[in-house]
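Q: Sequence:
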Amino acid sequence: MFEPRNPAFAEAARAIFGQAGFITDLGIEPVTVEPGLVESRVMIHPRHMQHDGVIHAGVQMTIADHTAGAAAFTTIAADEFVLTTSFTTSLLKAALGTELRCRATVLQAGRRLVVCESEVFAVRDDTPVRVSKAVVSLAVLQRR
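Residue numbers (this note's numbering): 1395 to 1538.
Any given hint might turn out to be false.
What the hints assert, rightly or not - Capping the alpha-carbon separation at 16 Å, the derived lysine to aspartate or glutamate pairs in EDC-like fashion look like this: (1) K1487 <-> D1446; (2) K1527 <-> E1511; (3) K1487 <-> E1513; (4) K1527 <-> E1513; (5) K1527 <-> E1433.
To be verified - Pair by pair, the computed Cβ-Cβ distance ranges are: (6) G1504 <-> P1440: 39 to 45 Å; (7) R1399 <-> R1524: 17 to 23 Å; (8) T1521 <-> D1419: 24 to 30 Å; (9) Q1413 <-> S1484: 24 to 30 Å; (10) L1490 <-> P1401: 16 to 22 Å; (11) Q1536 <-> E1428: 21 to 27 Å; (12) E1397 <-> L1486: 30 to 36 Å; (13) G1447 <-> R1505: 40 to 46 Å; (14) L1501 <-> D1473: 22 to 28 Å; (15) A1533 <-> T1418: 20 to 26 Å; (16) P1440 <-> R1537: 20 to 26 Å.
FYI, nobody ran anything at the bench for these hints, they're computed from the structure.
The beta carbon of each residue, even a glycine, is placed where N, CA and C say it ideally should be.
Use the sequences and the hints to build the structure in full.
A: This is the structure in structure tokens:
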């Protein structure tokens, strides 16, 4: 459990989903926001698919990265923001389904670096299957 440094952490973490044009274009939205934990989802449409009929790895990586950023946001002060510094993803199986869900948890929250883990699940016939996992490191920066 992480102690929020911003009393409005939930609103701040939710807001970054609507403030990033690429994220809104993809349709990624927050579902759960708690200290050190954010869950998100995206309903899958043809634009999210690869030529071979599976959900594009870029969509998986984007939801993993952005949801990790939101989880990191729950641990920082109101006058700070985060930017990804490194991102390692393992694609575990072909992503097939009507929805992607992501669960990002903060592993370590320091003053200058936050490390998160994201798990991405493809939902098919109401059954979530883990399709990818990422470890995301984010730098904590001061707003100007």
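Q: When the hints from earlier in the document are held up against this structure, which numbers fail?
A: 7, 10, 16
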